[in-house]
Each structure stands twice: as C-alpha cells, then as structure tokens.
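Build the complex from these two chains, which are given one at a time in their own frames, with help from the hints.
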Amino acid sequence: MAAALAWPAAAADPELAAPVKAYEGAELDFTLRCKGCHGFEGQGTEGHVPRLKGFVGLYTHLPGGREFLLRVPGVARSRLDDERLAAVLNWMIATYGPEPAPGFAPFTPEEVAQARVTPFPDPLARRARLVAELHERGILPAADDGMGVSAEARAAR
Amino acid sequence: MIGKGLDRLVEGMSRRIAQRSSRRSFVSRLGMAVAGGVALPILPVDRRGQIKMAHAEEFAKTAQTTDKTACNYWRYCSSDGYLCSCCGGTYNQCPPGSQPSPTSWVGTCINPDDGQAYLIAYRDCCGKDSCGQCACLGLEGEYPVYRSELNNDIIWCFGAPTMVYHCSSAVLIGKA
Chain A
475 MAAALAWPAA AADPELAAPV KAYEGAELDF TLRCKGCHGF EGQGTEGHVP
525 RLKGFVGLYT HLPGGREFLL RVPGVARSRL DDERLAAVLN WMIATYGPEP
575 APGFAPFTPE EVAQARVTPF PDPLARRARL VAELHERGIL PAADDGMGVS
625 AEARAAR
Chain B
5 MIGKGLDRLV EGMSRRIAQR SSRRSFVSRL GMAVAGGVAL PILPVDRRGQ
55 IKMAHAEEFA KTAQTTDKTA CNYWRYCSSD GYLCSCCGGT YNQCPPGSQP
105 SPTSWVGTCI NPDDGQAYLI AYRDCCGKDS CGQCACLGLE GEYPVYRSEL
155 NNDIIWCFGA PTMVYHCSSA VLIGKA
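Protein chains in written order, with our numbering: chain A, 475 to 631; chain B, 5 to 180.
It is possible that part of the hints are untrue.
Claimed, not checked - Derived DSS-like pairs: lysine-lysine, alpha-carbon spacing no greater than 25 Å straight-line:
#, chain 1, residue 1, chain 2, residue 2
1, B, Lys179, B, Lys65
2, A, Lys495, B, Lys132
3, A, Lys495, A, Lys527
4, B, Lys179, A, Lys527
Simulated from the structure, these hints should not be mistaken for laboratory data.
Here chain B stands alone, though its shape is the one from the complex (with noise of 0.2 Å):
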C-alpha cells in the first residue's frame, strides 16, 4: 500500500513535471528547494506566514476579477497548470469528459475588488489528455516537493479514475 501510494506520488509528479516544465525550470526549482531545505533551519525567526502574505498580496496588485481566461484572474494565485475555462469548461467547473478530482489543493487569494482573502480549492480535472490551453504558473503558498502535501506542480488526480491531467479548475470555498 505504502508502496503504491508512493508510485502514484512519483508518477503524479513526473507526469506533471514532464508535461508543464522545462527541464531547466525543474532544476532551478530543485536547487530552490535544496537550498532551501539547508537555509530554514537557520532562520532566527519564522517568517513563512509573513511571506505568504506578502506573495497573496502581490499577485492582488496585478489580479483582475473579469477575464477568467487569463492568469492573472484573482482566483488563479496558486493555480499551476491548465486553466479549465480555455479547455472547454469553466473556471469551477470540469470540461466534458474529464472528473474532477475528488482531491484538492487549497490556497489562499486576495481578491483586489475588496481586498478579502478567499480560500480557493485547486481541483484538476482528470481523465483526459493534457488541454494544453492557456498554462499558468501560481505560486501562492507553494512549496517545493519536499513537502510534496504542499507543492502544486503534482499532479492533484488522487482518487479520480486515472492520474491523467486535463486542467485546472479553482472553486471558491469561503473567505479566509
């Protein structure tokens, strides 16, 4: 069981890392991540809350709240991958013939209309090839694979019928 669970961790990830990233991105990622890992511990004082505020808050700066089919619509702040709304769906729901998956990512977004923070379940869509339609890249509260519970470029299709990504969708789950 460990070991299936582990194979389907490390297929997510390969499938999603092949299919949106380069392999320089996924280098410079790693060394982030390495170095990281070694930089943390030596911090005098925690300031990851802070940071996370602050990238929210400056991806609000630019966040518009009409265009669904660009990235930098205001729930897209921790979306990594397809958006569901240039596939053929929306931007909450899943185009037709793919699932959405019964897992998700949450994160936190500004929405630069009122300046409330909402949480925002990052659903995939599975079951069916990549859209390959409008890729966007949300880092809002991500972490590197080492805390891969935390890391949005896996591929977030557990408990769906496959682990084949389509695109994503973000579902507004209430004000944070």
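Chain A on its own, in the form it takes in the complex (with noise of 0.2 Å):
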C-alpha cells in the first residue's frame, strides 16, 4: 500500500497519471479470467461469447438455468477453487442482472465442487435448449439470443 502511495511511474506510462480503477476479490478474479471475452461490460464479442448484461440473471428463472451456470465448462474448469468460483458467480448475477428469480439462493462452494467434476460436454446445445424456454417463457424476446445471432440465423443451424 505503502508503494502504491509513491507515485514515481505517473512520469513514465500518463495512463498511470489518472486514478486507475482498484480490482479486489471476485470482481478481479472475474476481470482477470473472465473479462477478456465476456467484455469488460459484460457485452459479449457478437456470435462468439455471450453477453452477461442483463442476460445472465435469466437462467436463475430456469429449472436447469442454475446447473447450467455450475457445468457450463468456462466455469467448471476454471482454475479458482470452489470458494472463489461460487464467490464470482454470485457476483456476477448481482452485478448483470437481470433480477434473479424470487427466491434464487446464492451459489455455494459445496454445490460447485459438485457440479464442476462433469462439465457439459455439449454446452452450446444446453445453451440454445434453455434459450429456446426463454423465448417460450416471454422472459426473453425472440430476437435476442445473448449472442447478437439473429432468429433466422439460428433456425438456419
């Protein structure tokens, strides 16, 4: 902390003139292993990663939304401990949204040390089923996937 105080590379790199954003617990093991795809405002990169924004919360509406946030296998194989990894995936519903289905309770480190031994082998199939219910359900309008994929594009795979 004492370093951080002293300030002698503001001179040399002028990003580090302005307040830099401090990073602690799940919010920075989230940004260091998650961000880069997932976007540093959760938006997803079009047709390749899904966005979080106001999109992840949705699954919690689900009956297989939960199993499905524990297996999907960026977060099963995740290299945090089970502790760490039920920390970020809370951290993420509560920080994307949308409101979590009444009720939802936070993830715990023992039901992700459950679920992460079998990651699906076929996420993308998961993904488009539980999509597919949210389009069914109303929660969410059928022009939106997550993925920026439009619904033609979808019914031409």
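What follows is the structure, given as structure tokens:
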C-alpha cells in the first residue's frame, strides 16, 4: 500500500497519472479470467461469446439454469477454487442482472464442488435449449439470443 | 457451431504457431504441456498461484517503464507477439488498417516503479498481415495449449472481421 502511494510511475506511463480503478475479490477474479472474452462491460462478443449484461440472471428463472451456470465449461474448468468460483458466480449475477428469480439462493462452494466435476460436453446445445425456453416463456424477446445472432440465422443452423 | 468454433480455434493456433514459433520451440512447449499434464495432479499442494506471482516478480526485476518498443517494457510481461508500438501503432492502440479484437487475453504485470500489480488486456490487432517487428514472448500467467483459454500463443482475433493477426497491444485495465 505504501508503495502504491509513492507514485513515480506516473511520469513514465501517462495512463498511471490518472486514477486507476482497483480490483479486488470476486471482481478481480472475474476481470482477470472472464472479461477478456465476455467483455469489460459484460457485453459479450457478437456471434462468439454470450453477453452477460442484462442476460445471465435470466437463467435463474429456469429449472436447468442454475445447473447450466455451474457446469458450463468456462465455469466448471476454471482454475479458481470452489469458494472463489462461487463468489464469482454470485458477483456476476448481482452485477449483470437482471433480477434473479424470487427465492434464488446464492451459489455455495459445496454445490460448485459437486457440479464442476462434470462439465457439459455439449454446452452450446444446452444453451440453445435454455434460450428457447426463455423465448417460449416470454422472458426473453425472440429476436434476442444473447449472442447477437438473429432468429433466422439460428433457425438455419 | 461447435465445429465452426473449433475450426477457428485450430486456425488461430496454427497461424500463431506458424507465424511466431520455430518447430523446435513448439515441440519443446508441447513436451512441457504433456509433462505438466501428468505432473500437476500428483503435486501435493496447488502452488500454481505462487508460481504465477513469482513469474510476474521475475519479469519486473528487469522491466523498465520508458521504452515502449522494448520487450521488457513493464506492460509486456504476458505479451506474446509483435509490439504494436513498433508497427505504426502505440502500446495501447492498433496501427492504421488493423482493428482491435473485441476479445483479449488479460494478465497481471508489476510496475517496477511503484511495485504495484496492474491488470493488462493484451488486445490483438487484426485484419492486416503480420507486422513482423519487435517479437516478444511474455509468459506471465500463461498455460500450455491444453488450457487454450489461458494460452497466449493463440491468435486472439475472435470477433474481429478476420483472424489475420498483425500485432499485440497492451491496454491498462486497473490495479490488481
């Protein structure tokens, strides 16, 4: 901390002259390990990586949604231990929303430990089924799949 | 879709390896991956986090904070590729004619001036032939290709208009 207050680096690197956001805890883990692909604002990468912002919390409204979040390979195969991974999942839901389903219980390290042993071998098919269910239930507009892929293009696949 | 994604991943890996590595270095790294894959499960404790910090500290020992065209500039501890600052761009901006990839590889580097760890996003600039200048090989936080999401040999041009790699930029994200 004392080293951070001494600020000689500012002269050498102009970006360090301005205040720099400090990351810690679950947000630090998420930033280091997830944001590179899911986007620094949770916006995703069109056609490649799902957006999280205003989307990821929708899974909590479906029976298989919780399991999907735990067993999707990017989560299950993470190098984070069970406790930090559970904290990241809870941070992600709280940060990106939307509001989780009534009665939603935070992820626990114990359920993370149990679920991550068997990552989904077919995450895209699993995701497609859940997104279809969100559409059927009217929770998500049909034009939106969280990946920026049109309904026509999805149907053609 | 899975096939397409896999194709792009393999294409990215192949391009990156072809553009940046000798066959000998690839074989050597592949050997490390195989050996590591066998050795890690029998380690009595998980020291991977400690090893990672040790690498960051090691890089910081010889890093400098003024010359952005040198591989030992403090931000480049995990940069694997050509420095955009040598290619008509800057350390954090793509050269004209190339586009920043929407996906990036995030690493942690220590600034030797203040001793603070910072998050750096290594954002490949894509859509133009390889720059070929100032090739650097930062390894901080990198894992062999069996953890492809943690490997920086792969071209990170996913989501960019083309997978053609030009150079790598290093964007400051925040303090770790």
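(request) Any hints from earlier that this structure breaks? Give me their numbers in increasing order, please. (result) 2
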